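**Student:** Top line first, the protein sequences correspond to chains A and B. First residue of the first sequence: 0, per numbering that gives the first Met the number 0; consecutive thereafter. First residue of the second sequence: 0, per numbering that gives the first Met the number 0; consecutive thereafter.
What the hints contain is simulated information worked out from the structure, not anything from laboratory work. All figures in this text were calculated on a predicted structure; none of them were measured in a lab. Among these hints, one or two may not hold up.
Given that identical chains are not distinguished, each listed pair holds provided it fits within a single copy or across any two copies.
[Unchecked claim] List time: in silico EDC-like cross-link candidates among lysine to aspartate or glutamate, alpha-carbon distance up to 16 angstroms:
#, residue 1, residue 2
1, Lys34, Glu281
2, Lys83, Asp287
3, Lys213, Asp295
4, Lys218, Glu103
5, Lys185, Asp81
6, Lys193, Glu95
7, Lys124, Glu95
8, Lys120, Asp287
9, Lys91, Glu281
10, Lys185, Glu125
Protein chains: 2
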Amino acid sequence: MGVQLTENGEQRNEMFFEMYWQYFVAGLVLWLTVKLGLYMKKSRSTETIVEDKQTKAHRVSRNDSDSESSPDDDLCPALPLDLKHIPLNFSKIPQEESLKRSEEFYQLMNRRRTVRHFSTKGVPKEIIRNIIKTAGTAPSGAHTEPWTYVVVSDPETKRKIREIIEEEEEINYKKRMGKVWTTDLKPLRTNWVKEYLTDAPYLILVFKQTYSLKPDGGKKIHYYNEQSVSLAAGILLAAIQNAGLVSLTSTPLNCGPALRALLQRPISEKLTLLLPVGYPAEACLVPDLTRKPLDDILVEF
Amino acid sequence: MGVQLTENGEQRNEMFFEMYWQYFVAGLVLWLTVKLGLYMKKSRSTETIVEDKQTKAHRVSRNDSDSESSPDDDLCPALPLDLKHIPLNFSKIPQEESLKRSEEFYQLMNRRRTVRHFSTKGVPKEIIRNIIKTAGTAPSGAHTEPWTYVVVSDPETKRKIREIIEEEEEINYKKRMGKVWTTDLKPLRTNWVKEYLTDAPYLILVFKQTYSLKPDGGKKIHYYNEQSVSLAAGILLAAIQNAGLVSLTSTPLNCGPALRALLQRPISEKLTLLLPVGYPAEACLVPDLTRKPLDDILVEF
C-alpha cells in the first residue's frame, strides 16, 4: 500500500491512518502501560502512609519526624542496658485516711474552673517553678520525658505572643474552624480577642519534643510524645489548682511555628498547649456548666 | 486469509495469531484502560486522607469518625446558646501558703513511681470511685467530657483481659514494635507477660469517645478528644498517688477492638490507656531512673 496522492484532503488523511495505525496502537498501549505503572507506584506509597490506622497512629506517635536512624548493628537503648532495679520507696497509709484524702482531693479539683479573665497581680516565681517540677514527675513513653515548659512573664514577649495569636485566631474563627465548631463555642463566649495573654502574670507554653538527640548524635525516638505531654499537663493543672491559682487550657491553632520561632525552640519541638496562670480578675464570670455525674462516666465490672 | 489446515501444529498456532491478533491487541488496550481507571480512582481516595498533615490532624482530632452531620440551617451548639455566665467561686489563699502547698504537692508527686508488680490486697471501692470523679473534673474541648472509665474488679473479666493482652503483646514484642522500640524498653525489663492484670484489685480502662449523639440523633463532635482524655489521665494519676495507691500507665497496642468488644463499649469509643491500681507487691522493684532537673525542662522569658 503506497501513498496515494489525491485532490481530496479527507481521503489523504484516511490513507495516512491506514498506513500508520499500527504505530498509533503501539503508542497507545505504551502510554497506557506507563501511566498504569506510575499510578501503581503512587498508590503503593500512599498506602504505606494510610495502611492500618492504628499501626500508623503508633508510628506517628512513636516518631513524628524522620525514620529511625540507627541501623540494627548500632542498636543502643535510650536508657542504660544495665539499669539497676531498686526497691520501691512506699509508705502504706491506713484505708480510712486514703478514703478521706480521696474525698478532699476530689473536692479541691471539682472547684477548678477554666478562667478567661485574669488579674494582673503577680505570683512568686518559686510557686510556678514548683508547679513545673510537679508536671515533670509525669510518666512518659520509655521514660523519654518529652517536654519543654516555656514560662513567660516578660511583658514585651507576652505582647508579641498576643499579637501572633490574635492574628491567627481571627482567621481561625472567621474561616478555618467552620460553622459547627464556632457554633459549639458560642455559649462559651470566646472569640479571637485574648486579653489574658497580657493580663496574666505568667504564660506557660507547653512544647512536646517529637525526638531528641543521643550523645552519639543519633535520634532518640519519643514514644507517645503527644499523649505523654497531655498527661503531664493534667498533673500541671492539678498543681496549679492545688497552689490556689487559676488557668485556661488553650490550644492556639496554627500559631505553633510562629511561637516556636519567637521563643527560639528547635524544630523538633511543637507547641501543644498554652496556659495563662495567675489569679482571676475581680468579678470574673465563668459559664454555668455542670459536670457529668459519676454514672455517666463510670462503668463497673 | 482462511484457516489453513496443516499437519504442523506450530504453523497452525501462527496462523491463529495472525487471524485474531487484532482482538488480542484490543483486549490488551481495554485491560490497560480499566486497570488505569481503577488505580486513578484508588489514588484519589487515599489522597483525601493524606492531604495536609496539620489540617488532617485537626480534622481527625475534631472528628475521629464520619463527617459533620448538621447542615448549616440546622446548626445547633452542643451547649445551650443561652448558657448563663455566673461569678467564679474563688477563695484566695495567702502566698506563703501557696508556696508551701506547691512544695508539698511536688514532694508527693515526685514519690510516684510506675509499678509493675502488684499485691492482690483489696482497696475499698469508694476510693476508686472518688478517683474517677476527680478525673472527671478535667477540662475538655468545648466541655465535651469525652471519656468513659471502665473499672474492672471481677476476677473472670480480668483473666479474659489478661488473655487478650498477653496474646497481642507477644506479637507486639516479637514482630510489630521493631528492634529500636524493644531495645529501648530492655532496661525497663518489660515483656508480654503481665501478671499485674490479674494481681491488681482494679483495672481502669480509659476509653475516649470520638463522638456522641445529641438528643436529636445528630453527631456531637468531640474536639481534641485524644488530648482531653490524656490530660484527664494525668489528673487520674495524681488522684491515685494522693490516695496512697500505685499504678502503671499502659497502652495495650492493638488490643483496643477486642477489649472494647469484651467490655461492650460502642464503636464510637476507643481504648486509650489501661491502668492497674492497688498496692505494690512485697519487695517490689522499680528501675533506678532519675527525672530531668528543672533546668532541663524549663525555659524562662
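**Student:** Confirm or reject each hint.
**Tutor:** Going through the hints against the structure:
no. : hint               : in the structure
1   : Lys34 with Glu281  : neither (65 angstroms within a copy, 67 angstroms between copies)
2   : Lys83 with Asp287  : between (51 angstroms within a copy, 5 angstroms between copies)
3   : Lys213 with Asp295 : between (45 angstroms within a copy, 15 angstroms between copies)
4   : Lys218 with Glu103 : neither (44 angstroms within a copy, 36 angstroms between copies)
5   : Lys185 with Asp81  : between (55 angstroms within a copy, 9 angstroms between copies)
6   : Lys193 with Glu95  : neither (45 angstroms within a copy, 30 angstroms between copies)
7   : Lys124 with Glu95  : between (36 angstroms within a copy, 12 angstroms between copies)
8   : Lys120 with Asp287 : neither (25 angstroms within a copy, 42 angstroms between copies)
9   : Lys91 with Glu281  : between (43 angstroms within a copy, 12 angstroms between copies)
10  : Lys185 with Glu125 : neither (37 angstroms within a copy, 37 angstroms between copies)
Of the numbered hints stated above, those contradicted by the structure are hints 1, 4, 6, 8 and 10, listed in ascending order.
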